[in-house]
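Enquirer: Heads up: the protein sequence lines correspond to chains V and R, in order.
386 is the number that the working numbering gives to position 361 of the first sequence; each next residue is one higher, with no gaps.
653 is the number that the working numbering gives to position 105 of the second sequence; each next residue is one higher, with no gaps.
Simulated from the structure, these hints should not be mistaken for lab results.
As the structure is a prediction and not an experimental result, all values here were calculated from the model.
Backbone N, C-alpha and C define an ideal beta-carbon position, used for all residues, glycine too.
There are no misleading hints in this set.
Residues from chain R shown here face chain V by an in silico Cβ test under 8 Å; the list is partial: (1) ARG558; (2) PHE561; (3) LEU565; (4) SER571; (5) MET576; (6) GLY673; (7) ALA688.
Over the 12 Å line for every Cβ pair with chain R, so calculated as not near, a few chain V residues: (8) LEU146; (9) GLY174; (10) ILE282; (11) GLY319; (12) ARG320; (13) SER441.
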Amino acid sequence: MTPIDPVARPRRNVELVLLVLALAVGIGAQALVGVDRQKAFDSDFWFQSGLLALAALAFHVVLRIRAKYADPVILPLVVALNGLGLAMIHRLDRVGEDTGNNQLRWTLVAMAVAIAVIWFLKDHRILRRFTYISLAVSAVLLILPLVPGISAGEVLGASVWIKIGSMTFQPGEIAKITLAIFFAGYLSSNRDLILLAGRKVGPVQFPRFKDMGPMITAWLVSIGVLVFQRDLGTSILFFGLFLVMIYVATSRISWVIIGLVLMVVGGFVAAQVFSHVALRIDGWVNAFTPEVYGREFGGSLQIVEGLFGMANGGLVGTGLGQGRPNLVPFANSDMIIASFGEELGLIGVFAIVLMYLLLFTRGFRAALGTRDAFGKLLATGLSFAIALQCFVVIGGVTRLIPLTGLTTPFLAAGGSSLLANWIIVGLLLMISHTARGPVDTTPLPPGQEPGAGRKFPATPSKPAPDPRTNPDAPTEAVKQL
Amino acid sequence: MSELTITALRFGFLILLWVLIFSIVSAMRRDLMIGRKAAAGAPTARQVRKNPSLAEPAPAPVKQQARQLVVTEGPLKGTTVPLAASPILLGRAQEATLVLEDDYASGRHARLFPQGSRWFIEDLGSTNGTYLADQQLTRALPVELGVPVRIGKTVIELRP
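Pulled out of the complex, with its shape left as it was, chain V reads as follows:
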């Protein structure tokens, strides 16, 4: 049985204290990046940090009203990460560039959307009704960048963007949420079926072929993303997401084995057939070879410059605003971790990685605490998506695995990713609200009480005193003390 805290406490004040600390980190970073350039406390600074603080506090107030029992550390963690990202992007802006303010605009939009999700959705279980609609929406979102007219064409080797007016957007980021909803809905309904049927080979039970349908679908989607959108990172993300969710749903190791085999086969074929995958791998293995370093397309310049930057930062870093992270291409998006590595050093990067880890554990804690299978799977999937993204990006930047184009959640410049990740945070907060809160046992309106007037007449409908909703009210036992 899932352990449930004996007393449900909202702990919103704890959140407020932590939120103030998180804002101090974000705004402190913002102040530090300009401290030696005589623009530390200009009007820009006050405007940006004021807006960030206002938005974070508004979010906090909404949680007080709508999701009283939500996890108190998720919001501060995300605000701290987002604030750090804003400061770094602002710092990396060259004269005339406006990425920092653009990122701030997207942050505000994303937080507003997350607030709207919490405000209007009320209960994550409603999403279960949209299981198959989510699948259709995911398909549409993934096909959109290939539709002529709204497609933004091939940008930096990947066609994952759409263009509406002058705005560009990456629909694949939203697709990871809708796919997680579909997998959660599908697996929570069909879990028993998948579990019961199957042939046993040695110690592992293999599923029936017909239950492999969703697995094949997920694999095809991932391969499709890889082939048509030329986006290796997103492809890995989708398949990893599915694999983890089906493992959590069925606790069968055979799924993981089948999935990994499919992934290895797919990856091997992709590396043979598609030059972009092969180049990535070559740039990873032979990063320090001069020919690979100097190659015009798919060279390792970016990775190696990032490594040099981090090496320059050392243990404590050069200090915010003191390094030269600008030398690395895409220092404010793909390589933002390298920028932090240079300016905050190993100690700072560890702090950032730890923040992601804590965020991930809180997502899993919500999954453990919530009582419905759909919520469990959704929280697992969503928090795992964030974790996998971190692993793929940070692993790529530090040359543990080949570098692929995923964004660092909350840190990297990019509106679509920010929006998607804030929506994920909204959903996780809502799931943790149901996980930590007391079960709603208030009496129904009169006349709706089921079972009234049956064999044993229901007791007069005087509501039982509920110690959980009112912890101050003494129970019988305490009165006797």
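Using the hints provided, position chain R relative to the given structure of chain V.
Expert: Just chain R, lined up with the frame of chain V:
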């Protein structure tokens, strides 16, 4: 600004980052102590005073209390489960308190839990739903004595 101030600010910021992390971890400490209550047995009087709901549900002398759960229909007909103070998980999963051998029940189908002096039933997102007196559950509701609760083809009742 002098070199020294900037260096101080630089290290100050790293310290601030870690202060945030340690505050968050210490705020989570309470969450990591799940099961301490179970391990330590009954709560002490002091704990009860601090946390009224930790108290064992007092015997309610006035109203008749549910003491057992009886399966009245379905494959397990006749089975009884004594009701203690802990929640009961109903479903086909092995971890369930009452493992239903019912093809129409989900793995983790429903949960029966005591609160105050009553037992409540809550559907855990099952495929076929849980019915309390022929009405499908949409939220947790109290179960009175003798009111049938239907899960798949199984019907259970609370008895004194």
